[in-house]
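Peer 1: Here is what each chain is made of, one letter per residue.
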Amino acid sequence: MAQVPLVTLTTDFGTADGYAGTMKGVILGIAPDARLVDVSHEVAPQGVREAAYVLYTAYPFFPSHTVHLVVVDPGVGGARRPIALRTPAGTFVGPDNGVFSYVMAREPVEALVELADPRYRLTCVSRTFHGRDVFAPAAAHLAAGVPIADLGPPVADPITLPLPSLEVTPGGVVGEVLHVDRFGNVVTSIGRLLWDGDELALDAVFAEAKARFDAAGATVAVAGQEIAGVRRTYAEIAPGEMLALVGSSGHLEIAVREGSAARALGVHPGDEVVLRF
Amino acid sequence: MAQVPLVTLTTDFGTADGYAGTMKGVILGIAPDARLVDVSHEVAPQGVREAAYVLYTAYPFFPSHTVHLVVVDPGVGGARRPIALRTPAGTFVGPDNGVFSYVMAREPVEALVELADPRYRLTCVSRTFHGRDVFAPAAAHLAAGVPIADLGPPVADPITLPLPSLEVTPGGVVGEVLHVDRFGNVVTSIGRLLWDGDELALDAVFAEAKARFDAAGATVAVAGQEIAGVRRTYAEIAPGEMLALVGSSGHLEIAVREGSAARALGVHPGDEVVLRF
Amino acid sequence: MAQVPLVTLTTDFGTADGYAGTMKGVILGIAPDARLVDVSHEVAPQGVREAAYVLYTAYPFFPSHTVHLVVVDPGVGGARRPIALRTPAGTFVGPDNGVFSYVMAREPVEALVELADPRYRLTCVSRTFHGRDVFAPAAAHLAAGVPIADLGPPVADPITLPLPSLEVTPGGVVGEVLHVDRFGNVVTSIGRLLWDGDELALDAVFAEAKARFDAAGATVAVAGQEIAGVRRTYAEIAPGEMLALVGSSGHLEIAVREGSAARALGVHPGDEVVLRF
Numbered sequence: 034m035a036q037v038p039l040v041t042l043t044t045d046f047g048t049a050d051g052y053a054g055t056m057k058g059v060i061l062g063i064a065p066d067a068r069l070v071d072v073s074h075e076v077a078p079q080g081v082r083e084a085a086y087v088l089y090t091a092y093p094f095f096p097s098h099t100v101h102l103v104v105v106d107p108g109v110g111g112a113r114r115p116i117a118l119r120t121p122a123g124t125f126v127g128p129d130n131g132v133f134s135y136v137m138a139r140e141p142v143e144a145l146v147e148l149a150d151p152r153y154r155l156t157c158v159s160r161t162f163h164g165r166d167v168f169a170p171a172a173a174h175l176a177a178g179v180p181i182a183d184l185g186p187p188v189a190d191p192i193t194l195p196l197p198s199l200e201v202t203p204g205g206v207v208g209e210v211l212h213v214d215r216f217g218n219v220v221t222s223i224g225r226l227l228w229d230g231d232e233l234a235l236d237a238v239f240a241e242a243k244a245r246f247d248a249a250g251a252t253v254a255v256a257g258q259e260i261a262g263v264r265r266t267y268a269e270i271a272p273g274e275m276l277a278l279v280g281s282s283g284h285l286e287i288a289v290r291e292g293s294a295a296r297a298l299g300v301h302p303g304d305e306v307v308l309r310f
Numbered sequence: 034m035a036q037v038p039l040v041t042l043t044t045d046f047g048t049a050d051g052y053a054g055t056m057k058g059v060i061l062g063i064a065p066d067a068r069l070v071d072v073s074h075e076v077a078p079q080g081v082r083e084a085a086y087v088l089y090t091a092y093p094f095f096p097s098h099t100v101h102l103v104v105v106d107p108g109v110g111g112a113r114r115p116i117a118l119r120t121p122a123g124t125f126v127g128p129d130n131g132v133f134s135y136v137m138a139r140e141p142v143e144a145l146v147e148l149a150d151p152r153y154r155l156t157c158v159s160r161t162f163h164g165r166d167v168f169a170p171a172a173a174h175l176a177a178g179v180p181i182a183d184l185g186p187p188v189a190d191p192i193t194l195p196l197p198s199l200e201v202t203p204g205g206v207v208g209e210v211l212h213v214d215r216f217g218n219v220v221t222s223i224g225r226l227l228w229d230g231d232e233l234a235l236d237a238v239f240a241e242a243k244a245r246f247d248a249a250g251a252t253v254a255v256a257g258q259e260i261a262g263v264r265r266t267y268a269e270i271a272p273g274e275m276l277a278l279v280g281s282s283g284h285l286e287i288a289v290r291e292g293s294a295a296r297a298l299g300v301h302p303g304d305e306v307v308l309r310f
Numbered sequence: 034m035a036q037v038p039l040v041t042l043t044t045d046f047g048t049a050d051g052y053a054g055t056m057k058g059v060i061l062g063i064a065p066d067a068r069l070v071d072v073s074h075e076v077a078p079q080g081v082r083e084a085a086y087v088l089y090t091a092y093p094f095f096p097s098h099t100v101h102l103v104v105v106d107p108g109v110g111g112a113r114r115p116i117a118l119r120t121p122a123g124t125f126v127g128p129d130n131g132v133f134s135y136v137m138a139r140e141p142v143e144a145l146v147e148l149a150d151p152r153y154r155l156t157c158v159s160r161t162f163h164g165r166d167v168f169a170p171a172a173a174h175l176a177a178g179v180p181i182a183d184l185g186p187p188v189a190d191p192i193t194l195p196l197p198s199l200e201v202t203p204g205g206v207v208g209e210v211l212h213v214d215r216f217g218n219v220v221t222s223i224g225r226l227l228w229d230g231d232e233l234a235l236d237a238v239f240a241e242a243k244a245r246f247d248a249a250g251a252t253v254a255v256a257g258q259e260i261a262g263v264r265r266t267y268a269e270i271a272p273g274e275m276l277a278l279v280g281s282s283g284h285l286e287i288a289v290r291e292g293s294a295a296r297a298l299g300v301h302p303g304d305e306v307v308l309r310f
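Protein chains in written order, with our numbering: chain A, 34 to 310; chain F, 34 to 310; chain E, 34 to 310.
Since the hints were derived computationally from the structure, they do not count as laboratory data. Among the hints, erroneous ones may be present.
Going by beta-carbon spacing under 8 Å, a handful of chain E positions derived as facing chain A [said to hold, decoys possible]:
hint : residue
1    : Thr48
2    : Ala77
3    : Pro78
Every residue gets a Cβ at the ideal spot worked out from N, C-alpha and C, and that includes glycine.
Work the whole structure out from these sequences, hints included.
Peer 2: Laid out in structure tokens, this is it:
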């Protein structure tokens, strides 16, 4: 049996104006069987880096035949190219502004094309809403089985964002705040941490720095504060207390149980975080 | 193969209380195969005119067999009729309070009925939530193929809102602010603008006023400010600057690139806008 | 023909971070045909009681084969058990923290199990996001037809919240504020009210107190104010006025027509409400 076409949407459109719904109308007009899943429409306006992060946490949990449509597009109507890329973990459609940087850092890119063929756009393309007129049709056609190479010529030089700061030293790891979530949890760029039985370790990807260390003896320094120990779960502390733990994406997080660490610390994306062990 | 039943939802219910989800439960109980698409649940409470606008921008991009369910219903429980109307561009279900005015101004109405037949309502109809008890069942039955005439008697005199102000004069067009979107873009009632090659024109619908004009030489006056020129795209100006352009719905918009024109201008729906050429 | 698998989602995840979308990816990876409906992702963070209420208003309107997934989970990673329960009105999956108390008070529980079998979890289970790693897979397998008993051993002692305060006296009913909705409507615990023709009555469930009373002569006391009469509909009063009425869930509500009763009264969940008749 054929796979059910699956398209996710990640945008900064909000949900009040009907922009996201309009894109879905376009998709279902082209691929009536497509299943649509909202990843987020609440990315901060023009928040390319935030969209890249949200996508990075979500796409690995979708089937590999999923088409991930991302429209955070401050350069709409200008020279930036509309692109699609295929990886073994999924296919991605959106503007060439770096929003797929984290995907491309983790997945091999099997194909990367510019969305140039007018057959896979709406007949009338506006200059301000390529989500509706260019990206949604491309995602729908890809989900419906059109080969990616049909959509346009290869792109050899996609725009990429600098990857989040992350430096492994003998005594620890220096990173930065990557994201603050709805609960006020502070997600850091210090990733690839894992619990191996009872020990905390950096995973094998850091070949040069693979290390096991005493989680209880480690400290996390951020915003002038020191947090003692890396915990396994919120349940180890009382409500209202702050802790460091390995979050659901494998990154070091700072959280206040049933509270907001971001508010308590006053931190923002880009601020330095140090894990000492 | 039969078409996949498709129902969109536009309400002022928000997404916190489960009202929209409850309507979907009702729809899927009647039409298990129906596909559901949220257009917006964030219309301002009782914002009939705003809902009319959001629907107007979205419905043309859905397949024509779509049923558009709109529940912004300050008169629930009173004398206002529940209605359904069919046009070549879609079928619409909601309260008879003018919310379909813009649809009826643009599309020929093939059928318009009152939702009077109790077979197409829930058994027990509350006095405060007709979205769940009257409108959702009607939309589901229509999506599942029940002929619109079965739902109730014809309505000859639907309520209509005054259409947005728009006057074409020899020297320009006088309109009003129609909507402020999530980005702070100011959408005006000055529509039917199109780029024809390199020239900006009013389209043929304004038969008496069809005109081409020098977009660069035009000015837009709003809230005591003058904006020089009508641009093609955001990319023509620097971030933080204000511009006028033809938006994705074919209407004149005022925007600040990567900022909020509504905040910069302090305008609201209903304020006058003049395009001089 | 087989029923279409149907899963609803009720969480406190918000919609900005992609957490809810990620759960949907997991579900569709396991049950590709499942239909997904959002009930709410805007439950207040850790608002177990609010989630219990939102679920209570929504689930009766879904087909009985629906799986309702609820993830409001302040105890994630601690000792609280992940559970599933089956009732004639639906199947429910979530943490054992009382979030299903209102369901269990109304529906007979046919089966109640701990989600212990690792075959029905993701391979790698994080300590902070059981919504993705434990609850979503369980809901998907249940929706796809796995018998509930396969998921783990029976649970005999689920956690339950105290039911909302509600005392029937000869002269009236004493209850509490249960919920404030997006419109500022104040929903109270005074439920099981129904209009029987022209009379207002407590339904038969209050066997000891079954009563008919003069709706126009009743008064509602809340926050130091008295509201005269219980109305049938908003349409009986002018915009801006306050009224008491029987809301769409059969509970006494206090509302301001086209305004916010919660703001006007300054009430919160737990505040006392008295209906005198």
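Peer 1: Hints first: check each against the structure and report whether it holds.
Peer 2: Status of the hints after comparison with the structure:
1. Checking Thr48/E against chain A: minimum C-beta separation of about 6 Å stays under 8 Å; hint holds.
2. Nearest Cβ of chain A to the Cβ of Ala77/E: about 11 Å, over the 8 Å cut. The hint is violated.
3. Given the 8 Å rule on beta carbons, the hint for Pro78/E holds: about 6 Å separates it from the nearest Cβ of chain A.
In terms of the numbered hints stated before, the structure departs from hint 2 and from no other.
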